[in-house]
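Trainee: Here is how the chains run, residue by residue.
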Amino acid sequence: MVRYILKRLLVALLTIFVISCVTFLLMNAIPGGPFLSEKAPSQATLDAMNAKYGLDKPVPVQLFNYVKSVFQGDFGVSLRMQRNRPILDIIKEMFPVSAKLGIFALLSAIILGIPMGCVAAYRQGKVTDSILRVVTTLGIAVPGFVLAALLQYFLCVKLGLFPSMGIAKPIQYVLPVFCLSFYPMCYIGRLMRSSMLDAINQEYVRTARAKGVRPFALIFKHTLRNAVIPVITYLGPLTAYTLTGGFVVESVFSIPGLGRYFVQSILNRDYPLIMGTTIFLAVLIVMMNVVVDIAYKFVDPRIDFGKGND
Amino acid sequence: MKKNPISIQPNVDKILEYLPDDFTLAADSEKENFIELRKSTSYWQDAWRRLKRNGVAMVALGVLLLTFLFAFLGPVVIPYTNVQQVRGSENLYPLSYSAQELAKLDAGESVFPHLFGTDQFGRDLLVRNMHATRISLIIGVTASLIVLVIGTLYGSISGYAGGKVDFVMMRIVDMVYALPEILVVLLLSSILKVPLQNLLNSSSSALIRGLSQFGSGVVSIFIVFGLLFWVGSSRIIRGQILSLKRREFVTAAKALGASSPRIIRKHLLPNCIGQIIVTTMMQIPSAIFLESFLSFLGLGVSAPVATLGSLCSDALGGMRTYPSRLIIPSIILSIIILCFNLFGDGLRDALDPRMKR
Numbered sequence: 001m002v003r004y005i006l007k008r009l010l011v012a013l014l015t016i017f018v019i020s021c022v023t024f025l026l027m028n029a030i031p032g033g034p035f036l037s038e039k040a041p042s043q044a045t046l047d048a049m050n051a052k053y054g055l056d057k058p059v060p061v062q063l064f065n066y067v068k069s070v071f072q073g074d075f076g077v078s079l080r081m082q083r084n085r086p087i088l089d090i091i092k093e094m095f096p097v098s099a100k101l102g103i104f105a106l107l108s109a110i111i112l113g114i115p116m117g118c119v120a121a122y123r124q125g126k127v128t129d130s131i132l133r134v135v136t137t138l139g140i141a142v143p144g145f146v147l148a149a150l151l152q153y154f155l156c157v158k159l160g161l162f163p164s165m166g167i168a169k170p171i172q173y174v175l176p177v178f179c180l181s182f183y184p185m186c187y188i189g190r191l192m193r194s195s196m197l198d199a200i201n202q203e204y205v206r207t208a209r210a211k212g213v214r215p216f217a218l219i220f221k222h223t224l225r226n227a228v229i230p231v232i233t234y235l236g237p238l239t240a241y242t243l244t245g246g247f248v249v250e251s252v253f254s255i256p257g258l259g260r261y262f263v264q265s266i267l268n269r270d271y272p273l274i275m276g277t278t279i280f281l282a283v284l285i286v287m288m289n290v291v292v293d294i295a296y297k298f299v300d301p302r303i304d305f306g307k308g309n310d
Numbered sequence: 001m002k003k004n005p006i007s008i009q010p011n012v013d014k015i016l017e018y019l020p021d022d023f024t025l026a027a028d029s030e031k032e033n034f035i036e037l038r039k040s041t042s043y044w045q046d047a048w049r050r051l052k053r054n055g056v057a058m059v060a061l062g063v064l065l066l067t068f069l070f071a072f073l074g075p076v077v078i079p080y081t082n083v084q085q086v087r088g089s090e091n092l093y094p095l096s097y098s099a100q101e102l103a104k105l106d107a108g109e110s111v112f113p114h115l116f117g118t119d120q121f122g123r124d125l126l127v128r129n130m131h132a133t134r135i136s137l138i139i140g141v142t143a144s145l146i147v148l149v150i151g152t153l154y155g156s157i158s159g160y161a162g163g164k165v166d167f168v169m170m171r172i173v174d175m176v177y178a179l180p181e182i183l184v185v186l187l188l189s190s191i192l193k194v195p196l197q198n199l200l201n202s203s204s205s206a207l208i209r210g211l212s213q214f215g216s217g218v219v220s221i222f223i224v225f226g227l228l229f230w231v232g233s234s235r236i237i238r239g240q241i242l243s244l245k246r247r248e249f250v251t252a253a254k255a256l257g258a259s260s261p262r263i264i265r266k267h268l269l270p271n272c273i274g275q276i277i278v279t280t281m282m283q284i285p286s287a288i289f290l291e292s293f294l295s296f297l298g299l300g301v302s303a304p305v306a307t308l309g310s311l312c313s314d315a316l317g318g319m320r321t322y323p324s325r326l327i328i329p330s331i332i333l334s335i336i337i338l339c340f341n342l343f344g345d346g347l348r349d350a351l352d353p354r355m356k357r
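The listed protein sequences correspond, in order, to chains A and B.
Residues 1 to 310 in the numbering used here are what the first sequence spells out, letter by letter.
Residues 1 to 357 in the numbering used here are what the second sequence spells out, letter by letter.
Don't read these hints as lab results, they were simulated from the structure.
Keep in mind that a hint or two might mislead.
[What the hints assert, rightly or not] Okay, derived cross-link-like pairs now, DSS-like style, lysine-lysine, Cα gap no bigger than 30 Å in a straight line:
#1 A:Lys68 x B:Lys266
#2 A:Lys52 x A:Lys7
#3 B:Lys164 x B:Lys266
#4 A:Lys158 x A:Lys169
#5 A:Lys92 x B:Lys266
#6 A:Lys126 x B:Lys164
#7 B:Lys164 x A:Lys297
#8 B:Lys266 x A:Lys52
#9 A:Lys57 x B:Lys52
#10 B:Lys193 x B:Lys164
#11 A:Lys7 x B:Lys164
For clarity, every value in this text was computed on a predicted model and none was experimentally measured.
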């Protein structure tokens, strides 16, 4: 077990290392330095600037320095969005807003999605199942930004039920969280339905039924525990989805989170900020995948620890 | 033993009592019937029959065909073009005419109605939506073809080689799988903007010019699909090849001296054609989604080319006054993705009944 965890952590570190290298090299490939603007500075100024930021050294040295500082938690400073402010500072300020939204969305997707799948499986072939199937199919097909924009138009502008922008009051969380959680909710619902159907058809469920176990206890004590395992494996991609889905939802609802800021920094070509945020988000996603993998092995004792691949 | 009265088996007990005169030659028509009866159904006929029975998938296929007509034939029929700015007809609501057009109509001239209205530059939105749909579809199909080629090559080599080669190749797949693809797309599209512009200005090659016309976002989508998205399909192909390569027909081909590439090409890949088609089909909606996502954020195609995502994005500002500009492309986009998903599901059930959930 310990070996497995160590191995997963090592792979995660390697992935983070590769991501930071790729990011750095990509940024390095852009023609033109970061100090070039409409007013071309003199050669002496450029040399001084390059020396100050270590840009006069050969690329491998720069890469080494960059990766080293990334592993120390230093992402450099922003160049355009907030001149010279450390990127870590910006992330610290913006990320809690996104995280709050993301955690709410994650929780509501899980809390609503699992029962949805259970109900659909237990009512297989009935009207409830069909209705849920239509809803989940739609939920998977409609892109998040379409949902966000349409809901904003119909519920905020037309009906005036919700305030359309900002995130100051609790009621303003309702729509963004819903938009962010609708796709994963439907996905979990479908996942849950098929794994629940598998579980229901197992022999031990028949035995339990024959013994007279009540349906409610049957769901919670016997089938749910087995059926929920695929949902746990989905938590990794789900985290990635909530983080990147946040880009759109935050942009549509004008929420001052890291996602919207990231998109703006891309549009403004604030390269150090793009690099820093990308690596930060990537680390988050990779770490979440590790946690999910480990949790998965804890939950399902049938999984072989020795090999650990696939 | 007593024979069941409704059994169609010939009565064996009496067979020895038959004389040659009891038999007659079969007529030609009877022979034809016999051949007709024994005609085997091929894999494709079988799959098509299963697909036809799946109502949802057939409706999805019909809608997709209509969408293709809308996107590729529509602009030919409509008398406006994608970039044409009709003076005096700016900001029209759907199905309305501007003052000048009304005057023309009164004078007895015919004016083609703006079914979806016009935008702030007087461009007809029906044609723009058709063009946008066309580009979204082209992007989806191209990206999934890229995935098809790379994924199939990689997966079949890895699966067929086996052993250490397979192990190393699959660890690479694991690594790529861990990379967050949307982040990489965003990163690439922001970086490629400048170099691509330079490439466009310096190059005279038709292919590059055609690509650059779509903008750096689209090119980076293709690159990212080529770099990252093949892992899913290569895993599926590898699994198939692994299970197929131990079968007798492969051993026979090896014994006859066929080379490995030939075995993969002629014996293994044709046997997993079902999976290949299904995984390719499933890539199309995700490519269309990714492109619209990028365009919506303003990182996709560059003006004047529009896709469904950028039309939605443009409409967001004027949502209160011109909601139809947002609603129409949103609905088209959702319908396309929905139908590709439903048709892909049906295709999977039809081509590969074992994969059915």
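Trainee: Would you mind marking each hint as holding or not holding in the structure?
Mentor: Consistency of the hints with the structure:
{"no.": "1", "hint": "A:Lys68 x B:Lys266", "verdict": "violated, 50 Å"}
{"no.": "2", "hint": "A:Lys52 x A:Lys7", "verdict": "violated, 39 Å"}
{"no.": "3", "hint": "B:Lys164 x B:Lys266", "verdict": "holds, 25 Å"}
{"no.": "4", "hint": "A:Lys158 x A:Lys169", "verdict": "holds, 20 Å"}
{"no.": "5", "hint": "A:Lys92 x B:Lys266", "verdict": "violated, 57 Å"}
{"no.": "6", "hint": "A:Lys126 x B:Lys164", "verdict": "violated, 50 Å"}
{"no.": "7", "hint": "B:Lys164 x A:Lys297", "verdict": "holds, 26 Å"}
{"no.": "8", "hint": "B:Lys266 x A:Lys52", "verdict": "violated, 61 Å"}
{"no.": "9", "hint": "A:Lys57 x B:Lys52", "verdict": "violated, 66 Å"}
{"no.": "10", "hint": "B:Lys193 x B:Lys164", "verdict": "violated, 40 Å"}
{"no.": "11", "hint": "A:Lys7 x B:Lys164", "verdict": "holds, 19 Å"}
Checked against the numbered hints given earlier, the structure breaks hints 1, 2, 5, 6, 8, 9, 10 and satisfies all the rest.
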